[in-house]
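Engineer: These protein sequence lines are chains A and B, in that order.
Quick note on numbering: the first sequence equals residues 0 to 224 in numbering that gives the first Met the number 0.
Quick note on numbering: the second sequence equals residues 0 to 293 in numbering that gives the first Met the number 0.
Keep in mind that the hints were calculated from the coordinates and are not lab data.
Mixed in with the good hints, there may be bad ones.
To be verified - Here are the in silico distance ranges between beta carbons for each label pair:
#1 B:R121 - A:A23: 38 to 44 angstroms
#2 A:A95 - B:G278: 19 to 25 angstroms
#3 B:K204 - A:L166: 32 to 38 angstroms
#4 A:S149 - B:A255: 28 to 34 angstroms
#5 A:L205 - B:M0: 31 to 37 angstroms
#6 B:D109 - A:A218: 54 to 60 angstroms
#7 B:S130 - A:L4: 36 to 42 angstroms
#8 B:R176 - A:A212: 48 to 54 angstroms
#9 A:L27 - B:Q101: 26 to 32 angstroms
#10 B:M0 - A:A95: 21 to 27 angstroms
#11 A:A212 - B:R12: 25 to 31 angstroms
#12 A:L166 - B:S130: 17 to 23 angstroms
#13 A:A23 - B:S1: 29 to 35 angstroms
#14 A:L4 - B:P26: 56 to 62 angstroms
Claimed, not checked - Straight-line distance between alpha carbons at most 16 angstroms, and here's what the computed EDC-like set of lysine to aspartate or glutamate pairs gives:
#15 A:K220 - B:D55
#16 A:K1 - B:D173
#17 B:K116 - B:D83
#18 B:K116 - B:D173
#19 A:K72 - B:D83
#20 A:K72 - A:E153
#21 A:K220 - B:E17
#22 B:K204 - B:E17
#23 B:K116 - B:D55
#24 A:K72 - A:E151
#25 B:K204 - B:E69
What the hints assert, rightly or not - What the simulated footprint calls covered on chain A by chain B, stretch by stretch (three residues with Cβ under 8 angstroms from a Cβ of chain B suffice, anywhere in the stretch; the number is not a length):
#26 9 to 22
#27 61 to 67
#28 83 to 97
#29 162 to 168
These numbers were taken from a predicted model, which means no experiment stands behind them.
For glycine and all other residues, C-beta sits at the position ideal for the given N, C-alpha and C.
If you want the building blocks of each chain, they are given just below.
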Amino acid sequence: MKLNLPLVRLLVVKDWQLFQKQLATYVLAGIVALCFLGLAESWAFYVGSLMLLIVMVAAACFSISTSLVVERKEQTLSFVMSLPVSPLDFTISKLAGNLITFAVPFVILLGGTLATVLLTPLPDGLFVYALLIFAYILFAFAISLSVAMSVESEGWATFAMIGSMVLINPYIMALAQIPDIDQRTRVDAVVWTLPAVGILISLVVLSIAVLGATTWFHARKPAFN
Amino acid sequence: MSFAFSLNGVAKRYPHFELQDITLALPEGQVMGLVGVNGAGKTTLLRLITGIAAADAGEVRVLGHRLPAEQVAAKREIGFASEDMRLYRTQTLRWHMDLMQQIYPAWSEDYARELAKRFDLRTDQALGGCSHGQRVKALLLLCLARRPRLLLLDEPTTGLDPVARIEVLEALADVLRDAGRSVLFSSHNTHDVEQLADTITFLHKGRLVASADRNEFIDRWRRIVCQGALPSGLSAWPEIASARANGSLVEIKARAWNESLPARLAAEGLQVQRTDAMGLEDIFITAVRSGGAA
Chain A
0 MKLNLPLVRL LVVKDWQLFQ KQLATYVLAG IVALCFLGLA ESWAFYVGSL
50 MLLIVMVAAA CFSISTSLVV ERKEQTLSFV MSLPVSPLDF TISKLAGNLI
100 TFAVPFVILL GGTLATVLLT PLPDGLFVYA LLIFAYILFA FAISLSVAMS
150 VESEGWATFA MIGSMVLINP YIMALAQIPD IDQRTRVDAV VWTLPAVGIL
200 ISLVVLSIAV LGATTWFHAR KPAFN
Chain B
0 MSFAFSLNGV AKRYPHFELQ DITLALPEGQ VMGLVGVNGA GKTTLLRLIT
50 GIAAADAGEV RVLGHRLPAE QVAAKREIGF ASEDMRLYRT QTLRWHMDLM
100 QQIYPAWSED YARELAKRFD LRTDQALGGC SHGQRVKALL LLCLARRPRL
150 LLLDEPTTGL DPVARIEVLE ALADVLRDAG RSVLFSSHNT HDVEQLADTI
200 TFLHKGRLVA SADRNEFIDR WRRIVCQGAL PSGLSAWPEI ASARANGSLV
250 EIKARAWNES LPARLAAEGL QVQRTDAMGL EDIFITAVRS GGAA
């Protein structure tokens with residue numbers, strides 16, 4: 000089946016137009032969180048990091064929920080399926096649309112976080128730690144997106160989103176149990192340790208693999224159902 | 000003869016429903032009304048013809064394209080609107096029109112404006128604030144203004160108030176004047192179908208009960224009122240769909256009326272009092288209840 004690129008582009012633009020206002024709100028909230036972080040006070044760091052996590056999780060869930068779960072629930076999906084698109088076009092447009100709508104706040108807030116760590120009195124050791132946190136959010140987003148694209152049940156899609164995002168808590172606790180990661184967060188230098196690099200690469204590779212497998216699976220479908 | 004669509008031995012299975020062995024074709028330029036109760040398989044059939052769903056068996060061809068493999072090419076020439084299809088509530092009709100214009104080269108902005116005026120639709124209003132009738136009309140506008148060769152409408156008048164229903168039917172009647180356009184529309188309202196369709200197809204429990212020219216249906220079916228006692232075995236006659244007695248009156252509904260039938264009934268002791276043409280709703284209900292071919 001041949002990919003209809005102009006139409007895929009149109010569908011991605013359509014999703015972007017639908018979500019841009021809300022995404023701008025998330026970015027704004029993320030910048031406020033970064034301002035708290037930049038104060039380099041313990042109370043502000045706590046408020047800022049918590050707020051940043053909430054914003055990133057919300058942005059990841061918002062994109063998936065609105066473009067896939069709500070589209071199905073509000074029956075706009077059958078409108079999209081009636082357009083001259085194949086299941087492959089639809090899959091690629093949803094994947095690309097979600098990645099872009101997630102990537103915009105993700106990249107801005109990741110860049111902002113890293114800049115805040117390096118340019119404020121916060122210890123530079125948080126640089127790698129921040130990357131590890133953002134890598135997990137990317138991984139949870141990939142899992143949630145794949146499940147939402149593969150199941151018709153709103154319940155399972157929501158479960159996957161909440162489940163994968165909530166697991167960030169034990170993930171943070173697990174990172175705290177690794178001395179090579181935990182101790183480096185308090186030093187004022189960017190230190191790459193083997194466990195940190197290993198976890199970072201694993202999460203990124205797993206995210207790509209999950210999204211790749213989902214695309215491959217859906218691209219083989221001859222019809223929507 | 001070229002066909003807008005043809006289905007040959009098509010089957011589609013779902014966990015609690017099965018569309019079975021459908022063989023059906025619509026010649027180009029004709030209007031077919033698909034009649035069936037809720038759950039008869041009308042929506043499934045329309046989804047197969049749009050290529051949204053793939054048949055488990057049989058062959059589906061639409062405007063010369065084999066589905067679902069060539070669904071993109073087919074859908075470029077199809078306008079499909081269904082009762083369960085919704086537009087984006089947060090966006091305006093103008094936004095949807097702009098999207099359609101970019102997708103369909105045959106989109107006619109003038110015709111879209113004309114339809115918006117005719118349907119009394121405000122193009123700058125977010126669709127979330129529109130009534131159900133306005134949303135259905137907006138969907139129809141988006142379908143019609145792309146000038147499709149094949150128009151597929153799934154229950155287009157369901158849930159509309161009487162005024163909106165008449166407006167939609169009038170717009171459809173205008174569209175049908177275009178001889179080059181083929182239309183398949185489903186409904187459980189036989190009055191709508193009777194008004195618009197050249198050909199009528201009955202679907203029940205996933206099976207094709209009958210498909211014929213509208214006039215042929217009307218000509219073939221008769222309600223015969225007789226005086227006398229209901230003879231045993233009358234219901235087994237192939238041309239009789241139903242027969243019931245009410246006192247000394249016997250009401251017979253014939254699925255294959257012919258001039259010799261009154262004489263044959265007289266031979267069974269029945270005096271024919273009246274012979275009436277039947278309405279489509281009566282034909283449909285009798286055909287479905289009798290279970291045989293109409």
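Engineer: Broken hints, numbered, in rising order?
Structural biologist: Hint check: 1, 2, 3, 4, 5, 6, 10, 12, 13, 14, 16, 17, 21, 23, 25, 27, 29 fail, others pass.
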